[in-house]
Amino acid sequence: MKISKVPQSLAIIFSVTTTSAFADALAKNNIEVITIAAPKLSQSNTAFAEGNLVMPDVADWLKKVPGAKEKSHSMAMINPNIKALRDEFNNIVRALSDTTFDLVLNSEYQWTNTLALNAVIVIKQRKLSRTLFMATDASNWGLSRR
Amino acid sequence: MQVTGGLADGKAYVGNINLAVETAYQLNAGISYNNDGFAIAPQMFFQKVADYIQGASSTDMRVKMVAGMVGDDNLLTFSNTDATLYGIITD
Numbered sequence: 001m002k003i004s005k006v007p008q009s010l011a012i013i014f015s016v017t018t019t020s021a022f023a024d025a026l027a028k029n030n031i032e033v034i035t036i037a038a039p040k041l042s043q044s045n046t047a048f049a050e051g052n053l054v055m056p057d058v059a060d061w062l063k064k065v066p067g068a069k070e071k072s073h074s075m076a077m078i079n080p081n082i083k084a085l086r087d088e089f090n091n092i093v094r095a096l097s098d099t100t101f102d103l104v105l106n107s108e109y110q111w112t113n114t115l116a117l118n119a120v121i122v123i124k125q126r127k128l129s130r131t132l133f134m135a136t137d138a139s140n141w142g143l144s145r146r
Numbered sequence: 001m002q003v004t005g006g007l008a009d010g011k012a013y014v015g016n017i018n019l020a021v022e023t024a025y026q027l028n029a030g031i032s033y034n035n036d037g038f039a040i041a042p043q044m045f046f047q048k049v050a051d052y053i054q055g056a057s058s059t060d061m062r063v064k065m066v067a068g069m070v071g072d073d074n075l076l077t078f079s080n081t082d083a084t085l086y087g088i089i090t091d
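Heads up: the protein sequence lines correspond to chains A and B, in order. End of the first sequence sits at 146 in the numbering used here; the numbers just go up one at a time, nothing left out. End of the second sequence sits at 91 in the numbering used here; the numbers just go up one at a time, nothing left out.
For the record, the hints were derived by calculation from the structure and aren't laboratory data. Note that the Cβ used here is the ideal one computed from N, Cα and C, for glycine as well. Check each hint, because a few of them may be wrong.
Not the full set, but computed from the structure, chain B residues with beta-carbon under 10 Å of chain A [claimed, not checked]: (1) Thr-23; (2) Ala-24; (3) Tyr-25; (4) Leu-27; (5) Ala-41; (6) Phe-45; (7) Ile-53; (8) Ala-56; (9) Thr-59.
One chain only, chain B, in its complex shape (with noise of 0.2 Å):
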């Protein structure tokens, strides 16, 4: 049976067959400086994301009676949500 041991959060993650294609629309913007050995490229981000994937608490009864045999009352599902991500990084 295919386990997953979730994305190194300490979770565990049941899988969802019905998931639907996450599509997400990103504007990006930004500088970059190089000088002399020294560079930095801040950018600025946008992103809407159409059936974003991610864990949810699983409201399917086999998979919370599962949960609490193998000791673990609050097993996450992947499923669809919208969502908008925004933010600077710095390179």
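Bound-form chain A, shown alone (with noise of 0.2 Å):
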């Protein structure tokens, strides 16, 4: 069994800026398609291209790949619960995706000199999350943390 995969994230940013009105600016309206490579976002408060989005979930934490492989030999083998957990783990069909695709659409309206407006539409999505199992005390039953 052998995970290789490299997370990726595609995100397509629509960005709409305006200086005098909103309807001028929908004419000046640009889209720009950035494919993002393993991103590797240990936390956001943002989106992966515009600033000031809230994000307030958790599932950034998720991003860690697990390990590959394993161990089928500590001690921690010994126990069968652990055991079944570990073998279906790692028998499981690696069929899984980690492409995720964000869509950010982002409009703003200088009022004045020192006041903008601004309006954000947002879908995310975040993949899932294959680790598999946590022991309170790691180092006790033979388990490389991570």
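With the hints as a guide, bring both chains together as one complex.
Written out as structure tokens, the structure is:
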């Protein structure tokens, strides 16, 4: 069993910026397509390419790619329950995708020299976690902590 | 074996190989004010999340048995649920 996937995200950003009026700006919109390979974000309060977005989910924490090969000879495997969990993880069909899709539509209106308004519509996806199991004290179970 | 210390919240988490991809639909609106070195940017957000990934008590009997053996009787497992999140933040 081998996990060799590189996390990938596809971000499509539609950006609309206004300087005088919202309607005028709609005619000035631009579309940018960005492919980001292995963003490796440890945490995020923003989208991939736009600021001031609120992301109160915890899924960013789940982007860590787990170990590809689970130990089969450690002391922990004496425990049949741990072994069963390990076997389930190792034997599962690896037809899983690491690709996620982000769509960001951002509009900003500069009202005065000091005041700006903004509105953002976002569709974001987060991939699943394949982390299997946590022991309270990994060192006591012959487990490796990542 | 892959292990995780969880989300720095003192909880122990078990992964879920069958998790679905989380999809969030979000609206943001806000203003930003910047003048003479003073800046403030309050933002309102509303988010509907399909298959929101979060920790929940594990129902897997094997996990429960192992949890008891390692001294943690409430291992959490990552699971999908639907969620609505909203609020205001400011920079």
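**Study point:** Index of numbered hints that the structure contradicts, given in increasing order
**Key:** 8, 9
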